[in-house]
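Peer 1: Modelling step: build the complete structure from the supplied sequences, incorporating the hints.
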Amino acid sequence: MLYLHETHRVMGRHAADFEALYREEWMPRLAASDGARLLWYLDHAMGSGPSYQVVTVIALAGGEAWEELAGRVLAGDLRDLDRRTDACRYESEGKMLLPVAWSELQEVDLGEVPSDGREHEPTLYMQDTGWPDAPLEDYVNLWNDDYWAIMRRVPAEHRLLDVVACFEVAHGTGVRPEAMLMQKIVNLELLGRLLTETREYDPSTWPGSYMAKGLELRDQWESKLLRTSRWSPIW
Amino acid sequence: MHVDLALRTLPGAGRRPEVTLVQKLESVPRLLHLLANEPPPEVTGPGSWMDRALELRDQWRSRLLRTAAWSPLW
Chain A
1 MLYLHETHRV
11 MGRHAADFEA
21 LYREEWMPRL
31 AASDGARLLW
41 YLDHAMGSGP
51 SYQVVTVIAL
61 AGGEAWEELA
71 GRVLAGDLRD
81 LDRRTDACRY
91 ESEGKMLLPV
101 AWSELQEVDL
111 GEVPSDGREH
121 EPTLYMQDTG
131 WPDAPLEDYV
141 NLWNDDYWAI
151 MRRVPAEHRL
161 LDVVACFEVA
171 HGTGVRPEAM
181 LMQKIVNLEL
191 LGRLLTETRE
201 YDPSTWPGSY
211 MAKGLELRDQ
221 WESKLLRTSR
231 WSPIW
Chain B
1 MHVDLALRTL
11 PGAGRRPEVT
21 LVQKLESVPR
31 LLHLLANEPP
41 PEVTGPGSWM
51 DRALELRDQW
61 RSRLLRTAAW
71 SPLW
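Here the protein sequences come in this chain order: A and B.
Everything in the first sequence is counted per this note's numbering, starting at 1 for the first residue and increasing by one.
Everything in the second sequence is counted per this note's numbering, starting at 1 for the first residue and increasing by one.
It should be emphasised that the hints constitute simulated quantities derived from the structure, not laboratory data.
One thing to keep in mind: the hints can contain errors.
To be verified - Restricting the straight-line Cα-Cα distance to at most 30 Å, the calculated cross-link-like pairs of lysine-lysine (DSS-like) are:
#, chain 1, residue 1, chain 2, residue 2
1, A, Lys184, A, Lys213
2, A, Lys95, A, Lys184
3, A, Lys224, A, Lys95
4, A, Lys224, A, Lys213
5, A, Lys184, B, Lys24
6, B, Lys24, A, Lys224
To be verified - Stretches of chain B that chain A covers, calculated by requiring three or more beta carbons in the stretch to come under 8 Å of a beta carbon on chain A:
#, region
7, 36–49
8, 59–72
Stated by the list, open to error - Derived, one-sided and incomplete: chain B residues facing chain A with beta-carbon distance under 10 Å:
#, residue
9, His2
10, Ala6
11, Leu7
12, Leu25
13, Val28
14, Pro29
15, Leu31
16, Leu32
17, Glu55
Just so it is clear, CB atoms sit at the ideal spot from N, CA and C, and this is done for glycine as well.
Peer 2: Here it is, written out as structure tokens:
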């Protein structure tokens with residue numbers, strides 16, 4: 001399964017129109033095919049980064065579904081919708097993601113993904129993108145062995161987040177080497193401490209051990225705080 | 001939050017037009033609420049300050065910065 005990840009720089013005056021196009025047109029029209037579904041619609045949380053930036057993730061059953069979607073956008077029934085969407089944004093940067101072996105998100109049952117705009121409370125995600133200067137596989141394994149495998153054993157009341165998915169960029173569709181974590185924030189109070197408290201990390205105990213090991217593989221990454229819309233199919 | 005400083009770039013010394021606000025957070029719980037929830041209609045709806053500000057700009061960037069423990073100002 002492929003995951004089409006797009007970061008949209010939306011025009012502020014058209015932000016509501018842009019969201020409506022995804023909620024009322026992209027989501028149901030993607031669902032009209034067997035091979036594509038909108039999964040996430042996420043706003044970059046105000047106060048933590050760029051203005052009017054939206055992230056969308058579309059699940060595609062495979063290469064044929066990608067080709068079918070591209071055909072619909074370029075010369076098919078989604079062409080006009082894509083043009084109207086372009087009129088609401090400055091640009092969109094896309095890449096195709098593949099789940100790594102240990103990612104909890106692997107295949108999605110596309111028939112089970114809601115496309116009716118049902119509402120729920122917003123959820124905050126931390127999207128981490130990293131660019132290692134060591135082999136990508138070593139970096140991805142570090143995220144599992146020294147980060148998530150340990151954090152998942154922390155009692156829920158002391159856990160900041162859950163790693164929902166881990167991806168790498170499919171060859172030829174973006175920056176390589178690059179990997180991405182989609183992490184659901186489950187404790188806002190702990191996020192507040194992470195943002196505001198200065199902490200000395202002890203490399204002999206976790207999480208300091210992870211921080212120390214991580215520096216052997218990379219020192220370049222970016223965290224984004226993204227909030228699902230109330231109708232995002234996955235939240 | 002409290003706006004401590006409002007700055008603009010001098011000619012020849014960076015990007016123009018550009019202005020910078022340095023704002024001290026006075027309530028972390030309110031920051032967390034801002035991050036985790038949609039802005040309310042009174043902030044973004046017709047006639048609100050964000051709506052009117054769209055006549056002037058729609059591009060900005062926020063950064064959350066934390067002072068070092070020894071920073072002369074904090």
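Peer 1: Now tell me if each hint is right for this structure.
Peer 2: A quick look at each hint next to the structure:
A hinted pair counts as satisfied when its Cα atoms are at most 30 Å apart, and Lys184 (chain A) with Lys213 (chain A) qualifies at roughly 23 Å. A hinted pair counts as satisfied when its Cα atoms are at most 30 Å apart, and Lys95 (chain A) with Lys184 (chain A) qualifies at roughly 21 Å. As the CA atoms of Lys224 (chain A) and Lys95 (chain A) are separated by approximately 17 Å, the hinted pair is consistent with the 30 Å bound. Distance restraint check for Lys224 (chain A) and Lys213 (chain A): the Cα-Cα separation of roughly 22 Å lies within the 30 Å cut-off, and the hinted pair is therefore satisfied.
Restraint check for Lys184 (chain A) and Lys24 (chain B): the C-alpha separation of about 27 Å stays at or below 30 Å, so the hint holds. Between Lys24 (chain B) and Lys224 (chain A) the CA atoms are separated by roughly 21 Å; this keeps the pair inside 30 Å, and the hint holds. Judged by the Cβ-Cβ criterion of 8 Å, the region 36–49 of chain B is covered by chain A as claimed, because 4 of its residues qualify and three suffice. Taking a C-beta to C-beta cut-off of 8 Å, the region 59–72 of chain B contributes 9 residues in contact with chain A, enough for the three needed, and the coverage statement holds.
Interface hint at His2 (chain B): violated, since its Cβ lies 14 Å from the closest Cβ of chain A, which is beyond the 10 Å cut-off. Proximity of Ala6 (chain B) to chain A is violated relative to the hint, the smallest CB-CB distance being about 17 Å (cut-off 10 Å). About 18 Å separates the beta-carbon of Leu7 (chain B) from the nearest beta-carbon of chain A, more than 10 Å, and the hint is not met. The restraint placing Leu25 (chain B) at the interface with chain A holds, with a minimum CB-CB distance near 8 Å, inside the 10 Å limit.
Given the 10 Å rule on beta carbons, the hint for Val28 (chain B) holds: about 5 Å separates it from the nearest Cβ of chain A. Look at Pro29 (chain B): its Cβ gets to within about 7 Å of chain A, closer than 10 Å, so that hint holds up. Below 10 Å, beta-carbon pairs count as interface contacts, and Leu31 (chain B) has one with chain A at about 7 Å; its hint therefore holds. Interface restraint check for Leu32 (chain B): the shortest CB-CB distance to chain A comes to about 5 Å, inside 10 Å, so the restraint holds.
At about 9 Å, the closest approach between the beta carbon of Glu55 (chain B) and any beta carbon in chain A falls short of 10 Å, and the interface hint on this residue holds.
In this structure, the earlier hints numbered 9, 10, 11 are contradicted, and the remaining ones agree with it.
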